[in-house]
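For chain A, the structure is supplied; the task is to place chain B on it using the hints.
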Amino acid sequence: GAVVSQHPSWVICKSGTSVKIECRSLDFQATTMFWYRQFPKQSLMLMATSNEGSKATYEQGVEKDKFLINHASLTLSTLTVTSAHPEDSSFYICSATELLLGAETEAFFGQGTRLTVV
Amino acid sequence: GEDVEQSLFLSVREGDSSVINCTYTDSSSTYLYWYKQEPGAGLQLLTYIFSNMDMKQDQRLTVLLNKKDKHLSLRIADTQTGDSAIYFCAESMRGSQGNLIFGKGTKLSVKP
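Keeping their order, the protein sequence lines are chains A and B.
Counting from 1, one number per residue, gives the positions in the first sequence under this note's numbering.
Counting from 1, one number per residue, gives the positions in the second sequence under this note's numbering.
Hints are computed from structural coordinates only; laboratory data are not their basis.
Heads up, the beta-carbon is just placed ideally off N, CA and C, and yes, glycines get one too.
Hints may contain errors.
[As the list claims (entries may be wrong)] Quick list of in silico lysine-lysine cross-link-like pairs, DSBU-like style, CA-CA up to 35 Å:
| id | chain 1 | residue 1 | chain 2 | residue 2 |
| --- | --- | --- | --- | --- |
| 1 | A | K20 | B | K70 |
| 2 | B | K68 | A | K14 |
| 3 | A | K66 | B | K56 |
| 4 | B | K70 | A | K64 |
| 5 | A | K55 | B | K111 |
| 6 | B | K111 | A | K41 |
| 7 | B | K104 | B | K67 |
| 8 | B | K36 | A | K64 |
| 9 | B | K70 | B | K107 |
| 10 | A | K20 | B | K67 |
| 11 | B | K107 | B | K68 |
| 12 | B | K107 | A | K66 |
| 13 | B | K68 | A | K55 |
| 14 | B | K67 | B | K56 |
| 15 | A | K41 | A | K64 |
| 16 | A | K14 | B | K107 |
[What the hints assert, rightly or not] Covered stretches of chain A, as calculated for chain B (at least 3 residues, CB under 8 Å):
| id | segment |
| --- | --- |
| 17 | 90-97 |
| 18 | 103-116 |
In isolation and in its complexed conformation, chain A is listed as follows:
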């Protein structure tokens, strides 16, 4: 099946620094990529949707200047958490869908990135 690889699996960073998380589709072309955030014992909340070569569409309440999303190719999207603060500590997970014969496939998820800001 389709594989989405996310890197790193976990990262610890100092408050005020920026962190980049990569999401790659290994064996398919990810027409659309999605970034979710999951707080402990909470559900996944969609942060933004990105189509290759276009600006990301952010959900209400998500700061686009803080969470920079780039989807420059059909196999790679990145999420950069800028000027991270402890409240940004969370589990970030990406997913991707492919457009096949005009129909969108189901979403395939990466393994997630545990971000801890100290």
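Chain B alone, transformed into the frame defined by chain A:
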């Protein structure tokens, strides 16, 4: 707005059947999904059902959809200790399979 609700915990004995329930609010959802998340891992799609279906069976998994009541259930037959995980119900938004609203997840514990 859209919302997906599910019970938080379920405990069963190995070999029994597990039934995880979910209710959703958006009647226009085209797809409804069940995902499995093991500790520290990403999400694995278990199964999904089109909104015009009532039931879908896939090996040990049976999904029942009551569209009138907006109720979705996942039955796992012959539950094994390896089935212990968090199970998320999700509905698609805005006609996209990747744009999902998730429930909070049901933690399934399987006792030997």
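For this session: Hints the structure violates: just list their numbers, smallest first.
Result: Numbers 1, 2, 3, 5, 10, 13, in rising order.
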